[in-house]
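**Student:** One letter stands for each residue in the lines below.
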Amino acid sequence: MSGVGYVAVGAQVVVVVGGAPVLGGWMRQVRARLEGRAGAGVGQPWRDVRKLLRKEAVTPVGTGPAFRLAPLLLVATTAVVAALMPLASTRTPVSGSADLILVVALLALGTVALALAGLDTGTAFGGMGASREMTIAALVEPTILLAVFAVSIPVGSTNLAAIIAGTIHHPARPASPAGLLAVAALAVAVLAEAGRIPVDNPATHLELTMVHEAMVLEYAGPDLALVELGSQMRLAVLLGLLGSLAAPWGTATGGSLPLLGLALVLLVVKTALLGTLLAAAEVFWAKVRLFKVPELLAGSFLLALLAVVASYFLTGEAVR
Amino acid sequence: MGGLLRKIRRTGRVAEAAPPRPEPGPLPAARELGGSAQVRCIDAGSCNGCEIEIGNAFGPVYDAERYGARLVASPRHADVALVTGPVTRNMAEPLRRTVAAMPQPALVVAVGDCALDCGEFAGGYGVEGAVADVVPVDVRVPGCPPEPAAIVAALRTVTGR
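If you're matching them up, the sequences are chains A and B in order. If you count the first sequence from 1, position 181 lands on 185 in our numbering, and the numbers rise without skipping. If you count the second sequence from 1, position 59 lands on 97 in our numbering, and the numbers rise without skipping.
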């Protein structure tokens, strides 16, 4: 079993690292088709990364270690999250450490590293982007924690593997009021955390409306490749988390290789489906004003709070 | 939302069929880019006629993005500087700095007659000179203003797609 567990961890990381740019390309392609354009193809983000890796690295004058280390830290923390999270299998050698608080902390570490890098450049837009990103992060992290707490109450553990294994054994759980509220809250939090419309627009050219893009304006070449790969991996991991919590069926709970293969295929299908849905929704939405973002996130926090309350009052007995 | 959905279904694809790939393949200077070119627009003093055509080149009908070109917000992210207009005295130094900020390998594309030889504005008291007088130019797109198809064709010689 442990051999298959190691294979599962390795496969999760490979699928997330290799598939995240493809997911990004796929989402751009969906948007392009809905806008009547032909689109650059699913492989374009990988072509961009390949080209950026060939380009020269630029260190702007006056930047220090925070600027140098942030891209590495962003990709490394996201890769660790991809290894920890029970995306394909709940029985891996590291699933005991797949604690919800650790996962959120790792994602926050990547956010903070990039915000510090934005400040380190000393440009007006870098600092502005960093302050906006931290404002949004401060509102999003509690929502993610609370939403997953709501689904963790019936299981009695904050371990993601235990939560997902519990949901597989009680298939009605995601359809409970607490489960639905928690998934709705988490969906909004994922949009904000991944920097998508309506909170942030990843395709914007207007510095004054930027959040994530403003922090990375000074990155070039291989560093930019890491930053882009890191943010695509974050989106893939967060959509994977949402998919695993809302519809965990297919996630391998045993130790057989064919089941693991099926789980990986289902993971890719689920994440691609969520990505398609998000890309299509983005065509209909506009980015909200920055001052309206706290209202949106407060709404999702309220949903998460209601989910926790509902799971106490409606499913509290099920624990014992 | 229903109205937009209906419109999407009714309109379908508006991107025109892709013209054949440019013959000699990508420029030698652009071979490293491998089918991907991030573009930074620099208005060095243009009348904005060229900007409208560039906007159309990246719009749904001509869809330059399908050949791997994408507009970006920072010269650090860019492989191509798309320079328009005669270079005015106030924009000469910003143009030099923007091109210097681009990581190598990088190309400069001069768009429009003004960018090539100052066009209508030649000899004006505020004009420093053509783009080639300020920074080395790799690709030239003539026209006043050039058609979006010509801008797309120039970008395709960079991406090679």
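No lab work stands behind these hints: they were computed from the structure. A few of these clues could be false.
[Unchecked claim] Partial selection, computed: residues in chain B whose CB lies under 8 Å from chain A: (1) 51; (2) 73; (3) 114.
Predicted model, so just to flag it, every value in this text is computed and none were measured. For glycine and all other residues, C-beta sits at the position ideal for the given N, C-alpha and C.
**Student:** For each hint, tell me whether it holds in the structure or not.
**Tutor:** Hint by hint, here is what the structure shows:
no.: 1; hint: 51; verdict: holds, 6 Å
no.: 2; hint: 73; verdict: holds, 5 Å
no.: 3; hint: 114; verdict: holds, 4 Å
Of the numbered hints given earlier, the model fails none.
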